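A.B. asks: Protein chains in written order, with the numbering used here: chain A, 167 to 509; chain B, 12 to 266; chain C, 16 to 373.
Calculated directly from the structure, the hints in this document are not laboratory data.
A quick note: this is a predicted structure, and the numbers were derived from the prediction, not measured.
There's no promise every hint is true.
[Said to hold, decoys possible] Once the Cα atoms are required to be at most 27 Å apart in a straight line, the calculated DSSO-like pairs of lysine-lysine come out as:
no.	chain 1	residue 1	chain 2	residue 2
1	C	Lys117	B	Lys109
2	A	Lys179	A	Lys203
3	A	Lys295	B	Lys180
4	A	Lys293	B	Lys180
5	A	Lys240	A	Lys203
6	A	Lys240	A	Lys407
7	A	Lys466	A	Lys203
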Amino acid sequence: MADERLLEVRGLKVQFATEDGVVHAVDGVDFALDRGKVLGIVGESGSGKSVTAMTILGLTRDVNTRFEGEVIYKDRNLLDLPENEMQQYRGAEIGMIFQDPMTSLNPVYRVGDQIVEAIQAHEPVDKRKARRRAVELLRQVGIPNPESRVDDYPHQFSGGMRQRAMIAMALSCNPDVLIADEPTTALDVTIQAQIIELIDQLKDDFNSAVILITHDLGVVAEIADDLLVMYAGRVVEHGGKRPLFYDPQHPYTWGLLGSIPRLDRPRSERLHTIEGSPPSLIRLPQGCKFRPRCPHAFEKCLEEPPLENRVETPGHLDRCWLTVEAKRAVRDETIEGGEPAAA
Amino acid sequence: MEKAWHGLVGDSNPDNKLLSYTTQQDVVQQIKQGIPATFSLTIGASVIWLFFGILVGVIAAVTAGRLSDRAITILALVGISMPVFWLGIVTRYFLAEKNTWFPDGEYVGLTANPVQWAYHLILPWTVLAVLYIGFYGRVLRNNILDTINEDFVRTARAKGLSRREVLTKHVLRNSLIPVVTLFGLDFAGVLGGGAILTEKVFDLHGVGWYAADALDKFDLPPIMGVTLYGAGFIVLLSVLVDLFYAYLDPRIRPT
Amino acid sequence: MGEPATGTEFTLDTAAELAQVEHGAIQGRSPWYLAWRRLRRNYIAFAFLGLFVVIVLACALAPAYASHVAHTGPNANHVLDTITVHGKQVPVVSPGGLINGKLVPSLPIGPQWFNAGGRYLLGADANGRDVAVRLLYGGRNSLVIGIGSALICIVVAVLLSLIAGYFGGWIDFVITRFYDLFYAFPVILLGIALGSALAINGFHHFGITIESGSIWIPTLVISYVLIAYVGRPIRGQILSLREKEFVEAAIAQGARPWRIMVSDLLPNLASSVLVFFTLIIANNIVVEAALSFLGAGVQPPTASWGTLIADGQTLIVTRPWLSLAPGIAIVLTVLSLNVFGDGLRDALDPRAKVRIEH
Numbered sequence: 167m168a169d170e171r172l173l174e175v176r177g178l179k180v181q182f183a184t185e186d187g188v189v190h191a192v193d194g195v196d197f198a199l200d201r202g203k204v205l206g207i208v209g210e211s212g213s214g215k216s217v218t219a220m221t222i223l224g225l226t227r228d229v230n231t232r233f234e235g236e237v238i239y240k241d242r243n244l245l246d247l248p249e250n251e252m253q254q255y256r257g258a259e260i261g262m263i264f265q266d267p268m269t270s271l272n273p274v275y276r277v278g279d280q281i282v283e284a285i286q287a288h289e290p291v292d293k294r295k296a297r298r299r300a301v302e303l304l305r306q307v308g309i310p311n312p313e314s315r316v317d318d319y320p321h322q323f324s325g326g327m328r329q330r331a332m333i334a335m336a337l338s339c340n341p342d343v344l345i346a347d348e349p350t351t352a353l354d355v356t357i358q359a360q361i362i363e364l365i366d367q368l369k370d371d372f373n374s375a376v377i378l379i380t381h382d383l384g385v386v387a388e389i390a391d392d393l394l395v396m397y398a399g400r401v402v403e404h405g406g407k408r409p410l411f412y413d414p415q416h417p418y419t420w421g422l423l424g425s426i427p428r429l430d431r432p433r434s435e436r437l438h439t440i441e442g443s444p445p446s447l448i449r450l451p452q453g454c455k456f457r458p459r460c461p462h463a464f465e466k467c468l469e470e471p472p473l474e475n476r477v478e479t480p481g482h483l484d485r486c487w488l489t490v491e492a493k494r495a496v497r498d499e500t501i502e503g504g505e506p507a508a509a
Numbered sequence: 012m013e014k015a016w017h018g019l020v021g022d023s024n025p026d027n028k029l030l031s032y033t034t035q036q037d038v039v040q041q042i043k044q045g046i047p048a049t050f051s052l053t054i055g056a057s058v059i060w061l062f063f064g065i066l067v068g069v070i071a072a073v074t075a076g077r078l079s080d081r082a083i084t085i086l087a088l089v090g091i092s093m094p095v096f097w098l099g100i101v102t103r104y105f106l107a108e109k110n111t112w113f114p115d116g117e118y119v120g121l122t123a124n125p126v127q128w129a130y131h132l133i134l135p136w137t138v139l140a141v142l143y144i145g146f147y148g149r150v151l152r153n154n155i156l157d158t159i160n161e162d163f164v165r166t167a168r169a170k171g172l173s174r175r176e177v178l179t180k181h182v183l184r185n186s187l188i189p190v191v192t193l194f195g196l197d198f199a200g201v202l203g204g205g206a207i208l209t210e211k212v213f214d215l216h217g218v219g220w221y222a223a224d225a226l227d228k229f230d231l232p233p234i235m236g237v238t239l240y241g242a243g244f245i246v247l248l249s250v251l252v253d254l255f256y257a258y259l260d261p262r263i264r265p266t
Numbered sequence: 016m017g018e019p020a021t022g023t024e025f026t027l028d029t030a031a032e033l034a035q036v037e038h039g040a041i042q043g044r045s046p047w048y049l050a051w052r053r054l055r056r057n058y059i060a061f062a063f064l065g066l067f068v069v070i071v072l073a074c075a076l077a078p079a080y081a082s083h084v085a086h087t088g089p090n091a092n093h094v095l096d097t098i099t100v101h102g103k104q105v106p107v108v109s110p111g112g113l114i115n116g117k118l119v120p121s122l123p124i125g126p127q128w129f130n131a132g133g134r135y136l137l138g139a140d141a142n143g144r145d146v147a148v149r150l151l152y153g154g155r156n157s158l159v160i161g162i163g164s165a166l167i168c169i170v171v172a173v174l175l176s177l178i179a180g181y182f183g184g185w186i187d188f189v190i191t192r193f194y195d196l197f198y199a200f201p202v203i204l205l206g207i208a209l210g211s212a213l214a215i216n217g218f219h220h221f222g223i224t225i226e227s228g229s230i231w232i233p234t235l236v237i238s239y240v241l242i243a244y245v246g247r248p249i250r251g252q253i254l255s256l257r258e259k260e261f262v263e264a265a266i267a268q269g270a271r272p273w274r275i276m277v278s279d280l281l282p283n284l285a286s287s288v289l290v291f292f293t294l295i296i297a298n299n300i301v302v303e304a305a306l307s308f309l310g311a312g313v314q315p316p317t318a319s320w321g322t323l324i325a326d327g328q329t330l331i332v333t334r335p336w337l338s339l340a341p342g343i344a345i346v347l348t349v350l351s352l353n354v355f356g357d358g359l360r361d362a363l364d365p366r367a368k369v370r371i372e373h
């Protein structure tokens with residue numbers, strides 16, 4: 167399959183005006199997504215990953231929100247589309263599933279009716295046909311007895327089943343891009359892997375591309391092709407999954423890698439954490455935004471490092487002033503967590 | 012209980028009927044006579060308050076933070092802060108006595124003359140509805156603003172539904188559920204004699220008026236009778252509300 | 016940037032969440048401080064709080080006004096007296112009777128504003144009593160009953176709900192059924208049933224004696240009929256607090272029930288109780304007015320805003336101020352409390368919704 171570019175985000179900035187000041191939720195994000203690929207966006211809460219995803223669908227539009235940059239979907243800038251045109255893209259071209267399946271379905275409507283509603287929003291089919299498709303979709307996402315479960319209410323479904331129903335709804339109009347915003351965070355560990363596998367498999371069945379947002383690198387390790395690590399609204403590292411996992415360049419990525427529980431480490435060792443908390447998005451620290459929490463910060467970090475390619479692998483970008491050699495020297499210690507990072 | 016009842020109905024009362032101290036009339040019979048006026052008042056007023064309450068609540072929520080929302084919020088608070096009987100006296104004075112645009116009190120039967128029936132009831136309907144319009148408008152506005160932040164509304168938008176569809180099918184549908192409960196109980200309360208103030212002020216000879224009239228003479232049996240009649244209505248309507256609530260919210264239906 | 020509009024779209028929620036990340040400024044500050052900071056910006060709420068304070072002060076100074084400006088007491092009749100207006104002697108109540116062959120009803124003097132040296136500012140009632148004086152004295156009674164009944168109501172409701180919510184089981188069952196009992200009656204009907212019964216004979220049980228004219232009767236009746244309306248939402252809040260980890264931890268540590276109630280549950284209820292209190296005062300002032308208007312509240316000759324409206328009703332066509340003035344006083348008082356309580360709730364956001372019942 168040739169690499170067909172579906173989505174390209176260029177220099178995206180999103181700002182919210184709040185009572186406390188302007189929140190710089192997204193502050194310069196660039197990436198591209200090709201058909202058949204899975205892009206993982208990783209970061210803590212407040213890193214701007216969900217806002218990025220919702221902005222692609224135009225769900226952050228508001229009088230108090232400001233946008234910069236471009237979201238190009240098949241040659242059209244979605245940021246410029248008026249609301250009624252944007253509506254045609256939501257669900258039909260780009261589908262989205264959310265973090266909490268318990269609250270993401272309307273409790274007062276039957277699951278099937280909610281899927282039917284999604285189909286009828288974009289296609290002129292009668293209710294009977296739409297319903298048959300809903301049953302078929304539920305079967306595809308692995309709901310047992312879809313013929314009868316289609317008439318159930320959301321509270322009659324388990325958490326995992328609800329997320330499956332959400333996926334069925336998001337895919338009901340054959341979108342080319344599926345955005346999954348923390349789709350497994352609210353689920354049991356045993357269900358998490360099933361949902362991720364399901365998304366991966368459906369991506370092939372529906373011949374689409376996926377943006378998978380998570381705070382857990384372990385979740386995307388399976389299925390992502392490219393990874394985007396975000397911190398304080400910025401991309402701090404961007405590259406293919408393998409280079410990013412085996413040759414991570416940004417100290418923040420090291421912190422994320424260190425916080426994945428691993429079986430190949432001695433059990434007595436305590437799970438590594440990143441000290442401190444993310445910065446205020448209203449008053450951002452000067453220079454590198456990770457500087458206050460970074461154990462390797464030095465004077466130069468008072469200036470903001472650009473996102474550029476510093477290693478041999480092309481396309482592997484990072485935002486850190488340390489030399490590649492210096493990084494490789496201190497990296498393993500930080501990831502394995504011999505000393506607390508901020509000591 | 013038995014003793015208390017006898018104390019109330021009097022020992023020389025073979026039928027165990029509840030009789031008025033002052034007129035010796037059967038209280039139950041008197042309450043029945045008040046029912047047409049009370050029902051006319053309640054049903055008309057509730058239609059007005061429900062319609063305008065929802066309208067005002069939706070407008071305020073949709074324009075939240077803007078001038079119309081603030082104006083509605085202040086007006087709603089003014090409406091809630093006005094004692095209904097005082098509003099009744101004032102409107103009756105200005106609209107029916109100083110200027111005789113509306114008839115001055117009294118009830119005309121619906122079957123006797125439908126036009127006069129409505130004409131005589133417009134002021135009481137409106138006065139009684141004002142408080143509830145303010146109250147429902149505020150409750151609905153807050154419900155809508157709470158619901159609009161729910162995850163399922165975001166899902167509905169992500170599906171590609173239009174703003175209006177999201178608002179009516181998801182936001183409003185869910186926001187109205189608590190309003191239904193409120194409405195059932197308020198309706199029962201007013202039907203059960205809770206409109207005593209409006210009925211007294213406008214001289215509508217309904218159930219509430221009967222209690223108020225008895226109160227002027229400190230005639231206790233009618234007051235007790237009307238209170239129990241009101242309780243009966245509230246219990247009945249509470250059951251109906253619970254059943255309707257289960258219909259509206261599938262989560263509390265037995266499976 | 017001006018004051019941002021409240022978001023009609025859920026994105027502002029995200030923004031609010033993101034704003035909370037602003038730990039440098041907010042972290043470590045108590046929720047009370049944050050509420051105060053939000054409240055401070057709400058000028059409207061403060062303006063109305065100021066209005067309420069002015070009304071309370073005016074009513075508190077009623078005796079001073081009566082003796083130094085109006086030169087009469089709240090219950091002093093002046094049916095046969097005359098006053099000097101612009102150098103002319105005018106009867107306080109002009110006698111009716113057959114004048115020129117027409118039957119003219121007796122008529123009290125209308126509002127004099129400042130023409131009579133501060134006397135009969137708002138006119139006189141049918142008994143020649145100074146309405147302005149009665150308005151202030153009536154306000155005192157209305158405010159005392161409103162605030163007093165709100166206080167009693169809140170204290171009892173919080174106590175009952177704490178016991179019900181904390182212990183659960185049959186204790187909770189009994190207390191919630193007790194609450195249900197109140198919900199079965201229209202508030203006003205229950206109020207007049209109790210109020211009228213007590214107004215005739217007073218209360219003489221359990222070694223407690225309350226005379227029939229006492230303003231304790233409406234105070235207690237109003238607090239009693241509204242206990243359930245305050246208690247039920249508070250019990251709901253306690254039930255959800257009871258599930259919280261810090262309460263479970265306290266129980267696991269073997270803390271005594273009263274200790275948990277006082278040091279864990281009560282502080283978490285404080286913000287909603289404060290909001291309830293404000294709004295319940297407003298509500299109770301209206302209920303008092305309604306009961307007194309019907310004759311089941313404050314008993315004559317004692318003045319209250321409700322009785323003043325009732326007294327003025329017969330003269331509404333000729334002397335509308337008799338009813339208008341106390342009504343406006345009620346509206347301003349209740350409105351000021353409602354607006355302030357609303358602002359307080361927005362600032363504290365306890366998410367509990369208080370039901371206003373008239």
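A.B. asks: Confirm or reject each hint.
C.D. replies: Structure-based check of each hint:
1. C:Lys117 - B:Lys109: holds, 22 Å
2. A:Lys179 - A:Lys203: holds, 24 Å
3. A:Lys295 - B:Lys180: holds, 21 Å
4. A:Lys293 - B:Lys180: It holds: about 17 Å lies between the C-alpha atoms, which stays within 27 Å.
5. A:Lys240 - A:Lys203: holds, 15 Å
6. A:Lys240 - A:Lys407: holds, 25 Å
7. A:Lys466 - A:Lys203: violated, 37 Å
The structure is inconsistent with hint 7 alone, although it conforms to all the rest.
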